[in-house]
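With the hints as constraints, model all of the structure from the sequences given.
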Amino acid sequence: DGGITQSPKYLFRKEGQNVTLSCEQNLNHDAMYWYRQDPGQGLRLIYYSQIVNDFQKGDIAEGYSVSREKKESFPLTVTSAQKNPTAFYLCSSSTGRRAYEQYFGPGTRLTVT
Amino acid sequence: AQKVTQAQTEISVVEKEDVTLDCVYETRDTTYYLFWYKQPPSGELVFLIRRNSFDEQNEISGRYSWNFQKSTSSFNFTITASQVVDSAVYFCALDEEDGNKLVFGAGTILRVKS
Chain Z
1 DGGITQSPKY LFRKEGQNVT LSCEQNLNHD AMYWYRQDPG QGLRLIYYSQ IVNDFQKGDI
61 AEGYSVSREK KESFPLTVTS AQKNPTAFYL CSSSTGRRAY EQYFGPGTRL TVT
Chain F
114 AQKVTQAQTE ISVVEKEDVT LDCVYETRDT TYYLFWYKQP PSGELVFLIR RNSFDEQNEI
174 SGRYSWNFQK STSSFNFTIT ASQVVDSAVY FCALDEEDGN KLVFGAGTIL RVKS
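Those sequence lines, one after another, are chains Z and F. Letter by letter, the first sequence follows residues 1 to 113 of the working numbering. Letter by letter, the second sequence follows residues 114 to 227 of the working numbering.
Incorrect hints may have been included.
[To be verified] Just the calculated beta-carbon pair ranges, DEER-fashion: (1) Z/Gly40 to F/Ser174: 25 to 33 Å; (2) F/Asn213 to Z/Asp38: 20 to 28 Å; (3) Z/Gly40 to F/Gln115: 17 to 25 Å.
Hints listed in this document are in silico derivations from the structure and should not be mistaken for laboratory results. Even glycine gets a Cβ: it sits at the ideal position worked out from N, Cα and C.
The following block contains the structure:
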């Protein structure tokens with residue numbers, strides 16, 4: 001089936017460790033996105049990529065890094081520089097053309113203690 | 114800058130009641146697109162509808178209907194005869210002027226009680 005997978009569903013890390021969240025899509029979409037969701041704040045854009053080997057910062061990129069080496073994959077690394085990393089992280093993809101909806105993965109809930 | 118406001122943080126209704134979720138947006142674009150997404154407890158956002166700025170016709174899909182009014186910059190969502198399965202967080206979104214990103218509202222939590 002076509003879709004977006006994110007793994008793992010739940011992730012636990014100790015403070016000071018970097019952690020990488022996986023996002024894979026088989027929809028042949030050009031654009032991919034990472035969002036962070038906190039209670040009562042909706043979705044905030046971290047990074048997005050419209051084409052392989054290119055990506056742009058979103059509204060809250062500090063403390064995060066990404067890569068886009070393959071069209072299907074857009075991993076997000078939460079670095080130790082991110083002050084409040086505990087959150088729900090959602091990945092999405094789209095054709096990249098205006099007016100087309102984004103398709104979302106099931107999300108990864110990251111807890112850092 | 115573009116902005117989406119969902120003033121209702123949380124709404125609780127009893128099954129079979131009708132409920133309207135409000136969405137107000139701000140944009141300087143003359144051409145723009147609005148979206149509604151549903152986020153059930155599983156966490157994955159599900160696309161519900163897209164509306165472009167030139168189409169002000171209301172849309173109905175089963176128990177769902179949407180009212181788009183450019184004069185008041187609103188794109189409200191009504192669920193008729195609500196059901197427990199409608200319980201979720203609902204997000205309204207607006208595409209950015211460069212067309213590459215969506216701006217989301219804060220979301221409205223809908224709780225439907227049996």
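A quick look at each hint next to the structure:
Remark: the range hint 25 to 33 Å for Z/Gly40 to F/Ser174 is upheld by a beta-carbon distance near 28 Å. At roughly 23 Å, the beta carbons of F/Asn213 and Z/Asp38 sit within the given window of 20 to 28 Å. As the Cβ distance of Z/Gly40 to F/Gln115 is approximately 20 Å, the hint placing it in 17 to 25 Å holds.
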